[in-house]
Each structure stands twice: as structure tokens, then as C-alpha cells.
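Take the two lone chains, each set in its own frame, and fit them into one complex as the hints suggest.
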Amino acid sequence: MILADFLLAQPWFVWLILLPLGGAASTFVLPRRVAPIGFCCALLILAGAVFSVCQLAATGSLTQAAGHWSAPLGIVLRADGLAVVMLATTAGVGFIISCYALGYFPARGHEPSRARYFWPLWLFVWAGCNALYVSADLFNLYVTLEIVTLAAVALTALEGGAPAVGAALRYLLTSLVGSLTYLAGVALLYAGWGTVDLSLLSQVLTEDPLSRTAMALMICGLLLKSALFPLHFWLPPAHGKAPAPVSAILSALVVKTAYVVLLRLWFEVFASFDRAMTAHLLGALGSAAIIWGSLMALRQERLKLLIAYSTVAQIGYLFLVFPLAGAETAATVWTAVILFMVAHACGKAAMFLVAGTIQQTAGHDRISQMAGAGGPIGVLAVVFALASVTIIGLPPSGGFFAKWLLLNAALATGQWWYCPVILTGSLLAAAYVTRVLSWAFLDVRRNVCPVSSRVMKWPPLALCLVALLLGLAAYGPVRVALTGAPVTGHVLVEQRP
Amino acid sequence: MNNALLLLAILSSSLIPGLIIFTLPEPALRLRTTCNMAGVLTKLVLVGVLFQRVYQGTLPELRVPVLPGMELLLHADSLSLLFLGLSAGLWLLTTVYAIGYLEGSPHRSRFFGFFSLCIFATTGIALAGDLVTFLIFYELLTLSTYPLVVHRGTPQALQAGRIYLAYTLAGGALLLFATVWLRSLAGPLNFASAGILFTLDASLHADLSLIFLLLIAALGVKAALVPLHSWLPTAMVAPAPVSALLHAVAVVKAGAFGIIRVIHGVYGVEFSMTLGLLPPLAFLAVFTSLYGSVQALRQNDLKRRLAFSTVSQISYIILGIALGGPAAAIGGLVHLVHQGLMKITLFFCAGNLAETLQIHKISDMAGVGRRMPWTMSAFTLSALGMIGLPPLVGFVSKWYLGFGALEVGQSWIVVFLVVSTLLNAGYFLPLIYRAWFMAPQGRRNEDWPEKNGLETDWTLLFPPLVTAALVLLLGLWAQAPFSPLYWVQLIVLREYGQ
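Residue numbers (this note's numbering), protein chains in the order written: chain A, 1 to 497; chain B, 1001 to 1498.
Derived from the structure by calculation, the hints contain no laboratory data. Ideal placement from N, C-alpha and C gives every residue a C-beta, glycine not left out. Take these hints with a grain of salt, some might be off.
A short, non-exhaustive set of chain B residues, derived as facing chain A with CB atoms under 8 Å [to be verified]:
| no. | residue |
| --- | --- |
| 1 | Leu-1062 |
| 2 | Pro-1065 |
| 3 | Leu-1165 |
| 4 | Phe-1177 |
Derived DEER-like restraints, expressed as beta-carbon distance ranges [said to hold, decoys possible]:
| no. | chain 1 | residue 1 | chain 2 | residue 2 | range |
| --- | --- | --- | --- | --- | --- |
| 5 | A | Gly-22 | B | Val-1049 | 39 to 45 Å |
| 6 | A | Pro-36 | B | Thr-1058 | 57 to 63 Å |
| 7 | A | His-490 | B | Glu-1407 | 44 to 50 Å |
| 8 | A | Pro-36 | B | Thr-1154 | 46 to 52 Å |
| 9 | A | Val-487 | B | Asp-1201 | 47 to 53 Å |
| 10 | B | Lys-1361 | A | Ala-462 | 46 to 52 Å |
Isolated chain B (complex conformation) (with noise of 0.2 Å):
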């Protein structure tokens, strides 16, 4: 195939299933799942031609027109695949979910016609080549997202959905006015490893400073950089399918990967370093990881101590780029596909707690695991994952971090990454302790009927089952050919030159 037909086919590949859905009838279930899943293979497979052409060498992209002097540009390179192979594989675990988990309730074409535009403007995120490209991709993404955080139509649904927007959508437009300013100064914007920006007369650099500042601003929205944060927990009021995908996917991941191109792509590492751009952002990074852990500690709603905890990890992607050192650089990168697995393995985990045995509150967590143990041995391995337990991901996640931290002379953020899996222990041990080893109160286990043997339904157990195994693999395997790390330190290889 045609390497730019590739490209507009992977996107259409979600994009197609999702207007077809809208259409169909709701008691349509066998067509629609039908339609969800001939999306999610195509794509598979698509991506899969993909990785191996970029691998390879060969860069795809795709020119469109849009005004004169503008263009649209689709890029494909090895930082787009890593972000690419994230959503593309686990919108397949996510989907299977979802349709387990919505069984029965209505909307459901609504929502999965949603989901898939979501995961449309996430690959376009990714295949994004140019910061204007980005851009429209990231706003049809807050589109998208939006229906899926009100699905419940409850007020306190409509509440967050609210909160939502008014962040976003402000962010957005902050994000807009940055860019616009941008291209004013710089010409096109296309991404490339080394910046674009050090060409500029050094009149401009204060300018520049000052646009950076906006545009982490404004992708710090999404990314949940504290104080831009507080839209997260609150939209823990949508179904668990959704919040998996926020967290781990679409979302926060579009922000922090938005933060990525930013420095890699437009600014370029050792610009930003000769601007004095990148330690403040690291230290921002730093309170937000600490701040995320703390405020993870006093939660009491499971959803909620796991939105908290996204704020800690996503900020560990940040601070690895804003080290600017290679192997900094690895660690953070690495993160985005790593957190992705953990966070949304405890997602599907929480969502089965909720969906089969109605519990919410940690308070009530008490002796769970006798009564749902894959779940809860899956939602354990990705706990203590997060925590950095070798040989986990989090572990070669933080290794990489540290080891990055020390190479560029930072020795304090080891301090940091010993104080932060101290807190991340500490919200998730006593969790575990509790749905162990201590005994359910007032409930027997015959208050817990199991459904046709299985602790739940297959499709609810199937999804986190096979992410808490890819954590324990992946961490196990780390320098295997094409694992996460593996295609980092390509990406980094490329970029770096060494």
C-alpha cells in the first residue's frame, strides 16, 4: 500500500466504524460489535505495517492543502508509532470491555460512535506533523471525549462535563493563541528532531521563552499539571471504560505527548536548554508528582485515589523530558506506554469491583480479593508496578529515570524518585492489605454470588488480565525486540545520534 494511502487509512480505520455506529439502531448489538471490532483489527494490523516500514527507515507523510501557504501535514516516525501502537492496542482491550460493561444500559450506540471518534482524533494526535495538524486533532479530541464523560446524563455527570470543557476548551484556546503566535514568528511548524526554533534571530528568544510558557500552559491542561489538574478527578463520574481511555490513552496522554513534541519537535532539547526553558518545567513536573501523591493519599473513593495517582505518574513523563538528557529522555518516553498499561489495568480492575459487587469506597474493599482474585491479583501486580517494584515496568520506568537524572548531573531528582515510590506505597500497600488479608465486614461471601463460575463476566476479566500480564512481561523482558523499551531507545538512538 501506498505509504500516505497508509496513513489515511489507519486514520479512517476508526474514523469510519465510528460514523457507522452513530447510525445504527440501538438493539443492534451483533452489527455494531461487529463494526467496533472490524475497526480495532484493521487498525492492528495497519499499525503493524506501519512499525515495520518506520523501523525500516521510511518516513510516510501526507500533504493537504488548506489555505495557501498552510498545509496539513501527517507524519509518521518513530515517536508517532510509540504513541500509535499505545491507543491502537489498547482501544482493543478497551473495547471488549466496554462492551461487557455497558450490557443492557442505553446510548450505547451514542457511546461507542464517541469512542471511536476518540480514538480518530488520538491517532491523529499521533500522526500529527506539524503543531497545526496537532492542534486540530487535539481540539476534535475534547470534542469527542465530551459526550463520553456525561454519558451517564446524571446532574453530577453534566457537572463534570462542564468542568471539563471550561478546562479544555480554555486550554485549547490558549493552545490556539500560542500557535498562531508561533507561526507568525517561525514559519510552519513541522516537527523535527532537532527543533526548528534555533535558526531565529536572538531578538526573538524572549518571545519565544514566553510562548513556551503558553503552550505548556496550555497542553498542561490536559496533561494535569498542577494547578491545571482539578478537572481530572472530577470527571471520574463517567463509566470505567471511559475513564481507562482518559487516563491511559486519549487524554492525559495526548497532553503529555503534546508537552513531548513540544520540546523534541518544535523547540528541540538543547534549545530549550540554552533558553533556561527545562528546569522550571522539571520542577513543576516534581510538585506535581508530589502534590498527585499526597492528595492520592487522602482520597477515599477508589476512582478518585486513582485519578490523583495519574497526576503523580504522568508528571514522571514530563520531568524525563525536561531533563533533557538521553537517558532521561528513555525513562519518560517509556513511561507513556508503561503508566498506560498499569493505570488502565487498574481502571478495568476498579470498574469490575464496581460493576459486579457495587463497591466504590476503599472503606469497603475490605476482604475483596477472596472473593474476586484474578481481579484483584491483576489490579495488585499493577499496583505494585506503579510502586517501582523490580522487575515490574514501573521499575525499568524509574530506573531509566534515575539513571538519566544522575547523567545529567541532577542528583536530587533520586531523592525525589525515593520520596515519590514512598507515597505511591503508601496509597496503594494499604489497599492491597485490606482487600487481602483482612476479613470482609458484614458480608459473607454468599452475599457475592459469582455469575457461571467466573468471578464476572469474561469480557470484564479478559481485558485486565492480559495488560497485568504485559506488565510483568515487559518488565521481565525489557530488552526484548520490539518491547516498549526496546523502540525508545530506537526512537532516542534516532534523535540523539549516539
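Here chain A stands alone, though its shape is the one from the complex (with noise of 0.2 Å):
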């Protein structure tokens, strides 16, 4: 008993930064423990993550002041379900990957350097997430945001040669500009409110120009770093290039990120203002992206850039909650989000992991050499299989129960233009991914592969379990993610008349 009121009493996400950030830290140190160091991290960080899950089941939201200063001056960490199921999601995908890495970048191999680089690097990210989702204020998540994002980058160029660097410098020129512009939108707001802390400004901000112009920058700033067509450009050839434990952790969360802020800002900050024109402008481009990022997958030759594709597509997804989150089905579409990022972190990373494998066994990623992978990619096949259920939208995943809400927000609202795009985007997603796996159907001869460690086998498919049957289990997620949350009302509508 005494000892539950000690965990419970923990700020448990405060852990969740420090722990990464050590890590990152003492790989310097002991440069040639990387891997055993990073794992360990991992580990911890999973375990820590179960605890705070466990504590706002118990408690609900908490704060927490760093150094107990209080809001105007100090920094207030947070963690609400949003941030909870956030930090459990990284959690969880981040140690799947973390397994992976161990067999991807081995340390006795022919470049140990790439896994000295990378441990502390991931570490880095990993504690840049984190703090993210708890941070409670403009500037914080700033900082946090740029924490990632040079973290990502740098990941991102690890592969080394000139393609890899190329999109690495990409991707870097573009984050900047978009948190340069957000950084321009928390300054205005600075100037005219006197704070950034999130639940101050709901409360005193009033709409005016100052506001909008803010409004509109921070919006800008955030779409370019979460890739929403047509600010796509940089992400097919970042995700495509990097090493597969890289494109898992940039596909599955990094990109994420700036979307949770946006979701906050959405929600609290500006949550007053009439926003009816944006709304619709972010759902027709989540729509133009659904659609366009499915047909360039179907286009593409190489698996990993039909799975970064892919992830274009899916960001699109995340957009057209904006639309539709009308008076009544706030909790609806607030739902739907925490479900399909859940299930697209999950999903998505198996699949960045199993083309990681079949890269390494086949030696290349072209879709139209994988036939007959019935040997000994079979396994990887079936895992790629199960993954992209959930990118699909089928059941019982949780990408479907999150496609039931937004169509259920979308006809609530009168909006049933967004039914077909939603439809059609899962039939998209259905035929590039048939593009694939019909090839491991195929009946041919092959050459024999070398076989590939089991680490980079077997973890893949714990994701798409968990994607899987996130639907059939997802009632308790959903409470954890409704615990202080900014929406009322039911998750399910009906609208009798």
C-alpha cells in the first residue's frame, strides 16, 4: 500500500525526459557501451511509461512545476491523456525499435561507428518527444520541437553519401524555416499577451488582428514540419533514404510531433476563435493528401519510398479532424486521432522495420524483385501483411475504429463529402499494398538469402499485434485518452431528429 502511494506520488514523465537524456549523455562517456546503454534506456523508459499510464488511470491529469516555480515564470510540465497515451505510444514503438537497432546496427560489425551515432542520437529524440507531449507552454514546445528536429536530421544523414545527406540537408532547411515562422507566431503572442503558457492564453486571449496573424504563422510553421501536402516536398526522400530504424522512428513519431502541438493549440489556445475557413482549408488539404500521397505510392518502385508515401497519405488523415470537429463530436474526432496515431505509429514502423529486413536479406527494395518471398522473407511478408491492415483501415485494427469515428463526425456534421475521400483513401492504400504483398504470392525460384537475425525478425511483429487489435481492446486507451482532454460530449454520436 505504501509503496503504490509511492508510485502513484512520482511524477513519473519527468522521469520519462531525464532517463533519455542520461542516456544520451553517458553514451559520451562510455563510448563503446552504446548499445547495451541505449537498450537499457529503453527498458526503462517502457517501464516508466507503464507507471505514468498507470498513475493517471489512478489520479487523472497531472502538473508539475520544474524547480516549483509556477506558471507565468517557470516551466509547467503536464501530463494530460493526450500526453500520456503519446509518451506510452513512443514508449512502446520507440523499445520495438530499440530491439531492432541491436540487430540493424551491430557493434562489432563493419562500421561501428553508425551505432555510436546513432544510440545517442535516438536517445535525444526520444527525450525531445517526450518533453514535447508534456510540455505546457508555446516556447517549451518550441524548444522541444527543435530538439527533435536536429536529432532527426542528423539521423537522418547517418546512412552517409551524398543521397542521404542531400535530403538530410532538406529536411533540415525545411524544419527550420517552419520553426523559424512558429517561433515568429509565439513571439507576437508574447508581445501582445504577456505568456505562453497554454491554459493562461485560452483565458485571456481575444481574437484580433495580432491573434490571427499569430494564429496563422504558428499554423503555417507547424504544417511544413508535419509534411501536410503540398508541404510534403522533404519527407518521401528523408523518410526513404535514411537507415530503417530511422525511417520507423521519423514515420511513426517524429513526424507526429508537430502535429500534437497543433492539436493543442487547436484545442486550447485558439479554441474560442472562429475558425471555420482554416478548418476547411486544412481538411481540403488532408484531403488532396490522402489522395495524392496513395497514388504516388501506387507509383513508386521502391518499398521504402511507397511506404513513405504512404505516411504522406496518412498525415492527411490527421487533418481532416480539423473540419469536422464541430460542437458535438469534439470527443469524437479527439477519439479518432489518439486511435489513428496510435495504430499508424505502430503500424507504420513495423513496416519501415520489415523493408529494413528485406533490404538487408534481398539486398535492394525493389517491389518488383520481392517475388516469390515466400522463403525466406515469408515471415516478413505475413508481418508486412498485418501491418498494414491497420494502414488499410480494416478490422479490428485501430486505424479502423478511428476511420468509423471521423465517418461518424463527418455525417454527424453534415460533411458527408469526406466520407468518399475517406473510403477511397483506404481502397488506395489497399491496392498499394497488393502491389507488394502479391509478389511474396508469386510462385518462382529465387536465390537463397542469407538469413537475417531473429531481433530484426520478430520485434516487427509485436507492432502489428498491437495495431491489430488496438480495436478490440481499444476501450481503455480511449478513456486514458479522454482524461483531460479539451472536448466534451460522446465519442459515438447519433443525431435522431
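Quick look at the structure:
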């Protein structure tokens, strides 16, 4: 009992920031032990995330003032439902990616330097993500966003060589433009209202040209960073050229950080503004992203680029939330978006990891040469298929119920035209996934491939199963996600006349 | 055993063997067979227990909350058991048949794994207690049958798989949309025999009619209603046990069963009549039936002819439901089982011809009855049943359909039944004549070697003989306790209360 009280009283989400930071720092001290240190960190973070979920379920949202300095002056950290779900998702996905990276970057292989750079950078990304989720003020969000971006850019360039460095540079420049635009918005708000705290701002903010300009700037910056069509140009090369674990980190986690900031702005800071036009614009861009990204994915010849374009399409779904969030449907879309982010993080990470293993076993990732993958790649084809179930949005995956809720919100708010977009996106996703999978069923004789290590085969399967069964076990996560959420109402909306 | 636990056990009796089989290495033949048969037999026993409970009036159910305000509902009523019993029984025979049919071919662990998953999904469809649960298992069925359709791994098989997925996934998307729409109008969509929508406001009736149209279009893809049937003949490249399963138990039947659930469980017969939704559906069924028969006449490939025959026969089920009267409903529902028995026999026999003698075309079938008398006897019996010859099961279905049509005053249906019967005879009788009475062309009996004194492997011969015997016996003793007809009468009695 005392132990339980003690455990519940711990600010676990603060530990989740400090742990990876400490781990990253200690890898500099002990450069030969990077992999064990990184893996231990991953394990501890996973445990910490479990604790913080339990804590949230038991006590509700928590806030923690850093150094006991409260809001206007100090830094306030806040673990609400959204933050904790994202912490837990990042911990789960990150743990699996860490397992996989043990095999992908062998410490005693040809290039030990890659492992030496990967682990500290990955831990920095992780710390940045965790800090971002629990940040409760605009400036802190900016800082954490920058930590994530800079570490992620360095990870992208890990492969070396001109194409990877080129992609990383493009990613860096685009991201910096995005960050600066966002920062300009923050500066305007601070100049106008004298605070950057989210909840304080939402109370004092009134709608005037200054705050509207700030909103526009911040949203534009975040759109660039979250790669919404047509600002997605930097994403496919960066995600396609990076090593597989890095692609998984970027697609599953990093892209969502900017989006989480956007959610916080939209539902808290600017909640009282008249944003109908902006919402429709975001919805239109999201729809275009779904269609365009899927069509481009259909045309790719390389597996990793296909998956990267699939990410472009999937990001589009996240932006349908803004027009669909009406007075009654706010809780619906909130639940939808959280289910979607969790399912996509698991499914997409698994897809990239599998693609990496296929690339290592087969020596390339050309889709047309994957024929007859029933042999050594057979297991991988199955894992890929399972991961794609949630990307397509078929039951019982989390993606299915997310799409269900989006459709429900579209019908309840009378914006039926989003329904064909959502469904077409699903069908196109099925088409590009089938393109890959049908090669696996083609019966041809194949050359003998080297057998890949176990850590590169089985961990992705765990992610697939989570994504696949999330729909059936969504009740708990949804309850957690709605704790302290800035939305009210029923999750499933009925419109009886 | 606890009621809810029983439902779970029935579901897992096909899921767990399937998952185990995936992990088995290719050469582990005995272990795989044991696993398969253990699942099949466990399931039969459990379904037997469930039959007894439902007969006595307990309706087991199991609820699992998935979202705040939404739960998955598994529920066994007499209608679920009709479909469940069919799939459990025919799973046994198809498994025996598939073990013999695929002997020595590659990727058998993959095949039997997905085969079990397919039955798992079918079981879920039978036990689904609301439209959302139904939708989930319906989509799982699509996913688990795709690998079976493309099992051969040839470019044609992959092409057929693509067409199959394109049709069924588009249907699935439509079904999802219609279900979300209906649920956002009406709340939880638990199946109830009188329907659940008649309480809704009259201003919604236009929306409800449109949703009905969408639902029928979505389910009509799997039920192969014209013009959504084209995937079915293409999918004939699959191995024979898969075709048998697709046509008699799983996919096509799932579509038909879905339409039954929509009309009898969600909309309710009376309410659908009020909205005027059933007559157009009956017309569509009649048209599909005639179109399928006419197309079947034109096929030379045996399996393709059987496929078009399925298109024609499934619409009898839809027709029986769409007529709206109790006797017609008996005819339609009982055809769900009867068509399954006859069609699975026909596909088993077609598979035997292809596997033993490499005969795929009808033009090559001359004299084949002398070489494979048992197979061809089973084939003939089922084909005559399809035509509707008394006392076979097909006659029982058609009798109730005709009687039901007269009961609701639609006498033109009787004319349709006569025409359809003539067409059925038109595409089956020449085939039977060719097999029994024409001399083999350019071949002698010595060219067709026998195996161990049997005309083909016993695993291939035994299943069609059993189903053919059932086609005869269930026709002769149609009113026997626990025959399909008896059970269907029980369903209709419980529903119409007469």
C-alpha cells in the first residue's frame, strides 16, 4: 500500500524526459557501451511509461512545475490523456525499434561508428518527444520541437553518401523555416499578451488581428513540419533514404510531434476563435494529401519510398479532424485522432522495420524483384501484411475504428463529402499494399538469401499485433486519452431528429 | 460450460488451430492433419451443444466493449445456427478433401492456416449479434480468403486475386459507410427478428431506403448479385477445395446471410415492405438467376459453368427472403443449406476430374462416367438436385419458394421457377448425358490408370459421396427432426409466430 502510494506520487513523466537525456549523455562517457546503455534506457522508459499510464488512470491529469516555479515565470509540465497516450506509444514503439536496432547496427560489424552515432541521437529524439508531449507552454514546445528536429536530421544523414546528406539538408532547411515561422507566431503572442502558458493564454486571448496573425504563422510553421500536402516534398526522400530504424522513428514518431503541438493550439489556445475557413482549408489539404500520397505510393518502384508516401497519405487523415470537430463531435474526432496516431505509429514503424529487413536479406528494396518471398522473406511478408491492415483501416485494427469515428463525425456534422475521401484513401491503400504483397505470393524459384537475425524478424510482429488488436481493446486507451482532454461530449454521435 | 464461454470456444476452435498451423514446418504432415482434425471435431461437438441450448430456448450472448458507447456482440439464435451448422459440417468434409487434394503441393501450412482463419471468420459472421460485429468478421473473411484465391501463385491466380480484392474491398468500404450512417441514425444495430428501425421518425425513411440500397449493393458483391458478380467466375483459378468453400460455405453465403440479416434482423420484413424495398430486390434476384443460368449455358470450362450456376442459385435465397411471406422465407433459408450441399458436391467432383484425369473442359468429359462411376454418380445426383427433381433437396427449396410466392400473391414467380428449372436442366443435362452415354473420344480406359482399385484417392472420393448422400436423404426425409427444413421451420415459426 505504501509502495503503491509512493509509486503513484512519483512524477513519472519527468523521469521519462530525464532518462533518455541521461542515457544520451552517458553514451559520450562510455562510447564502447552505446548499445547496452541505449537498450537499458529503452527498457526503463517502457517501465516508466507503464507507470505513468497507471498513474493517470488512478489520479487523473498531473502537472509539475519545474523547480517549483509556477506558470507565468517557470516551466510547467503537464501529463494529460493525450500526453500520456503519446508517451506510452513512443515508449512501446521506441522499445521495439531499439530491439531492432541492436540487430541492424551491430556493434562489432563493419561500421561500428553508425551504432555509436545512432544511439545518442535516438535517445535525444526520444527525450525531445517525451518533453514535447508534456510541455504546457508555447516556448517550451518550440524548444522541444527543435531538439527533436535537429537530432532527427542528424539521424537521417547517418547513412552517409550524397543522397542521404542531400535529403537530410533539405529536411533541415525546411524544418528550420517551419520552426522560425512558428517562433514568430509565439513572439507575437508573447508581445501581445505577456504569457506563453497554454491555459493562461486560452483564458486571456481575444480575437484580434495580432492573435490571428500569430495563429496563421504558427499553423503554417507546423504544417511544414508535419509535412501536410503540398508541403510534404521533403518527407519521402528523407524517410526513404534513412536507415530502416531511423525511417521508422521519423515516420512513426517525429512527424506526429508537430501535429501534437497543432492539436494543443487548436483545441486549447485558439479554441474560441472563428476558424471555419482555416478548418476547411486544412480539411481540403488533408483530403488532397490522402489522394495524392496514395496515388504516388501506387507508382513507387521502391518499397521504402512507397511506405514514405503512404505516410504522406496517412498524415492527411489527421488533418480531417479540424473541419470535423464540431460542437457535438469534438470528443469523437479527438478519440479518432488518438486511435489513429497510435495505430499508425505501430503499423508504420513495423512496415519500415520489415522493409529494412527485406532490404538487408535481399540486398535491395525493389518491389518488382521481391517475387516469391515465400521463402526466407515469408515471415516478413506476413508481418508486412498484418501491419498494412491498420494502414488500410480494416477491422479489427485501431485504424478501422479511427476511420469509423471520422465517418461518424463527417455524417453527424453534415459534411458527407469527406466520406468518399476517407473510403477512397482506404481502397488506394489496399491497392498499394496488394502491389507489394502479390509479389510475395508469386511462385518462382529464388536464389538463396542470407538469413536475417531474429531481432530483426520478430519485434515488428509485436507492433503489428498491437495495431491489429488495438480496435478490440480500444476501450481502455480511449478512456485514458479522454482524461483531461479539452473536449466534451459522446464518443459515438447519434443524430436523432 | 458457460454460455458466453461456449461462444468463445466455438470461435477459437478454428482460430487457434489456424494460428498453430502457420507455425508448423512444411513437412510436418501428421501434426498438421492432427491439428486440423482436432479443430474440426472440437467445433462440431461445441456446435452440437449450442444447437441443443438454442433449441431449448436459451440464446447465449457475449458482449465486449470496444469504445465508449459501442460493444461487439456475439449472439446465437436459431438463424445463426443454421449458418454455423452448415459451415461446421462442411468444414469437416472440405478439410478431408483438401488434405487429399493438396498432397505433395507446396505451401500447405500457409494454405491450411488461412483455411482455418476463413472458417473462423465465417463462424464470426454466423454468430455476429449486431451489424458492426458482422462487418468486422465480414472484412476478416475477405482478408483470409485472398491468400487462398491466389494460392497457386501463377500470374492468372494473382490477377484473379486482384479482381477479387477490388470487388470485395470496394463492397466492404460501402458496407462500412452504410453501417456508420445507419448507426449514427439509429444507435446500436443489434439484430432483432422484427427489425429495429420501425421506431424511427418518418422523416428518416428516405435516408433509410438509401442506406438499404447501399447495404444490398455492398453485400451483393459477395452474394454475386448481377452486375457485381464478375469476380466469382474469375476466382475459379483457385484450387478446388477453395472453390468449394467459397461457393458453398464462406464467401458467397456470407453475402447472402448478410442480406438475410439486414432484412430479417435490422429492417424487419414488415418495415421493409412498408418502405417498398423488397419488390425491387425480388426483381433483381430473378434477373440475376436468369442471367446466371444463361451465362452458365455458354461456358465450356466446367468450373466456370458451376460458378455461373452459383450466381443463379444464390439468388433463390435472396428471392425467398425478398418475397416477404413465411413459406417463401422457408424456401430461401433452407436453400442456404441445400445449395451448399449440392454445390460443394459438384465442386468436389469437378476437382476429382481435374486432379485424377486432368479434365477441365466439358467437351473432354465424354465417357468419364465409365472411368469414375462413383464421382459421376455423386455429380449427377447433385446436378439433378440443382434442377429440382423430386425427391432431392433442390426440389424441397423450389417447392417452398413456389408455394410462398402463391401465398403472397406473386404467381409470376412460379413461371420464373419453371423457366429457371428448364435453364438449369439445359446446362446440367447435356453434361450428364456426355459423361454417361457418350463414348470417350480418342481415349481408352487404359489411358486412365486407377489407383489401388479405387477410382481416385479415398480422401477425394469420400467427401462428395457423403454430401451426395445427404442431398438424397435430406430430400427424402425433409421433415425429419433436426433436418435443415425442420430447423428453418423453427426459425420462421419463432420469427413470424405462426
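A quick look at each hint next to the structure:
The restraint placing Leu-1062 (chain B) at the interface with chain A is violated, with a minimum CB-CB distance near 13 Å, outside the 8 Å limit. The criterion of a C-beta within 8 Å of any C-beta in chain A is met by Pro-1065 (chain B), whose closest approach is roughly 5 Å, and the hint holds. Interface hint status for Leu-1165 (chain B): upheld, as the beta-carbon distance to the closest one in chain A is roughly 6 Å, under 8 Å. Contact between Phe-1177 (chain B) and chain A, as hinted, is supported at the beta carbon level, the nearest pair being about 6 Å apart and thus within 8 Å.
Remark: the range hint 39 to 45 Å for Gly-22 (chain A) to Val-1049 (chain B) is contradicted by a beta-carbon distance near 58 Å. At roughly 58 Å, the beta carbons of Pro-36 (chain A) and Thr-1058 (chain B) sit within the given window of 57 to 63 Å. Between His-490 (chain A) and Glu-1407 (chain B) the C-beta distance comes to about 45 Å, which sits within the given range of 44 to 50 Å. Separation of Pro-36 (chain A) from Thr-1154 (chain B) is about 49 Å and conforms to the stated range, judged on CB atoms against 46 to 52 Å.
With their beta carbons about 28 Å apart, Val-487 (chain A) and Asp-1201 (chain B) fall outside the hinted range of 47 to 53 Å. For the hinted restraint 46 to 52 Å between Lys-1361 (chain B) and Ala-462 (chain A), the CB-CB distance of approximately 50 Å keeps it satisfied.
In terms of the numbered hints stated before, the structure departs from hints 1, 5, 9, listed from lowest to highest.
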